[in-house]
Amino acid sequence: MLRFVASRLARALLTIAMVVTFAFVVLRLSGDPAQIIMGADAPPEAIAAFRSAWRLDEPIWVQYLSYFWAILQGDLGRSMRDGRDAIVLVAERIPATLALTVPALLVKIGLGIPAGIYAALHRNSLADRLVMVLAVAGFTVPSFVLGLLLVLIFAVQLGWLPSGGQEGWRHAILPVVTLGLGGAAVLARFTRSAMLEVLGQPYIRTASAKGVPWRAVVTGHALPNAAIPTVTIIGFMVGSLIAGAVVVESVFSWPGVGRLMVVAVANRDLAVVQCILLLVAMTMVMANLVVDILYGLLDPRLRSGTRRAG
Amino acid sequence: MPEAPLTLPALAPPKPPRAKLPPLVVLGAVWLAAMLGIALLADVIAPHGYTALDLRNRLAPPAPFGGTWLHPLGTDELGRDVLARLIYSIRMSLLIAFGATIIGAVIGTSLGFLAAHFRGLVEQGVLTLVDFSASIPFLILALAVLAFFGNSLVLLVCLLGLHAWERYARIARGLALAAGAQGYAAAVRGLGASPWRIYGRHVLPNIASTLIVSMTLAFPEVILLESGLSFLGLGVQPPETSLGSMVGYGREYLTRAPWILLAPAASIVLTTLSVSLIGDWLRDRLDPTLR
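Taken in sequence, the protein lines are chains L and Y.
Numbering of the first sequence is given in our numbering, commencing with residue 1 and proceeding in unit increments.
Numbering of the second sequence is given in our numbering, commencing with residue 1 and proceeding in unit increments.
Check the hints yourself; a few may be wrong.
[Stated by the list, open to error] One-sided and incomplete, this derived list gives chain L residues near chain Y with beta-carbon spacing under 10 Å:
| hint | residue |
| --- | --- |
| 1 | Phe144 |
| 2 | Val145 |
| 3 | Val156 |
| 4 | Leu158 |
| 5 | Leu161 |
| 6 | Pro162 |
| 7 | Ile276 |
For the record, the hints were derived by calculation from the structure and aren't laboratory data.
Glycine included, every Cβ here is placed at the ideal spot set by N, Cα and C.
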């Protein structure tokens, strides 16, 4: 097991190193970083200072290594909007984003998994059809359309809830519902197909045939096995807790990481963009790592190193 | 000589009995055909230019709600005709989605074939890239690239083309490896065919149905991505217009003129829904490997 964890950890670190490399390459490909980050009409002394700080006159591999080193020390550059450290700027926004994405994750799990299980257990029933239609709708309605429709109904027409901003919990309801409904649809669809696949397995038939009550077959045999693929998608959702609300935050003017990202991209505030990119990749990689280890715990076959295909 | 009854199971799967088309799939196909027709004939059917201003009819509601039939779907703040903008937006969004889907399929399939053909280091390299692109949410990656390189239509299409490439790569590699183990690929190779010929003329046609299904499933995702980026103001730039940027623009007038936003929003939803329905149906019928 230790070996398994170590190999997964090495893989995670490799992926993070690749993301850093990607950011480096993209920054270099896009032109002279000094010009881009300082702006075209920066005074020559400022450009020169920047060049020596970033070691832009050294060979490219020295630049690469010092870039890596700076990032390891948490030095992700300064925002060119107000000169503050990019990492501080981003860290300030994380609580606001989590205030949306964590409740939304609970909505997704609380709605999506039961709906998926119920639909699978009552295959082709009216409820199953309804769940599937809603699940497809949840996937095809973009979050900004859903969000704006909710605003139109509950804020503009009925006047029950505020349409944007972040003054209290009432402001969080519409964004959380928007995020949660879309994710619940994905999760319901996924859980349903995982359950259907498990229910078709021979061991379910065996358990039924030897007289185990259906309820015990479902709780004792079907659910634990269907949990394995479902954990993956939940892991992905946990990994996108920080990045998953880019569009929804913009719809509801919610001052989170996603909103910061959009503003930074529009202003070409590259230090901030790069900081968010790395942060998001790290969260994602961490979540994948945890999922991989959970997999190892849930399914001993995977520990031996031969992963199932697909 | 009778036709050789040499049916290799992998080559010629028995056709499933022709089932009746589900009505929803038919509706989806009709809607999609209508969208394609609108996109192709945009210049002919659009009642006005998409940047033409009609300053005397600003924020006019749609005709059935008290507007004029001059602007059947109403106008926006600058007096631009919503119907005309909708038609050109449909064309732009479909153009981007088609372009990006094809780019993604070509890149992914080529890399998958390369991995399957050379194995070894090339394969490891491709698989590492696959892992990498699975590790960052695509929207964040796209936003970062747009921040670094600025925005242009060509870049946007290429960028969206990178979406889902890893899915095609994985499928193409897996299926090409499987094909390599089957008689026909070995036979053609034995006859001295070049790799181009083997993969282009023999392997590709045999795995095409799976790839087409993947493309149908990726297509609505590309539409959603493009409309999301354009909604944020970071995708298609004015004066060009796409469904997402129309919604983004209309958002400012949500209370006074919801029609600016509702028409493109409905178009996005119905189009992605149609393609998804068709894709799901195709997958169930054509593709034994995904399910």
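Hints, verified against the model:
1. Phe144: 5 Å, holds
2. Val145: 4 Å, holds
3. Val156: Since chain Y brings a Cβ to about 5 Å from valine 156 of chain L, closer than 10 Å, the hint holds.
4. Leu158: Hint on leucine 158 of chain L: violated, closest Cβ of chain Y at ~13 Å, above 10 Å.
5. Leu161: For leucine 161 of chain L, the interface hint is violated, since the closest Cβ of chain Y sits about 14 Å away, which is over 10 Å.
6. Pro162: 13 Å, violated
7. Ile276: 7 Å, holds
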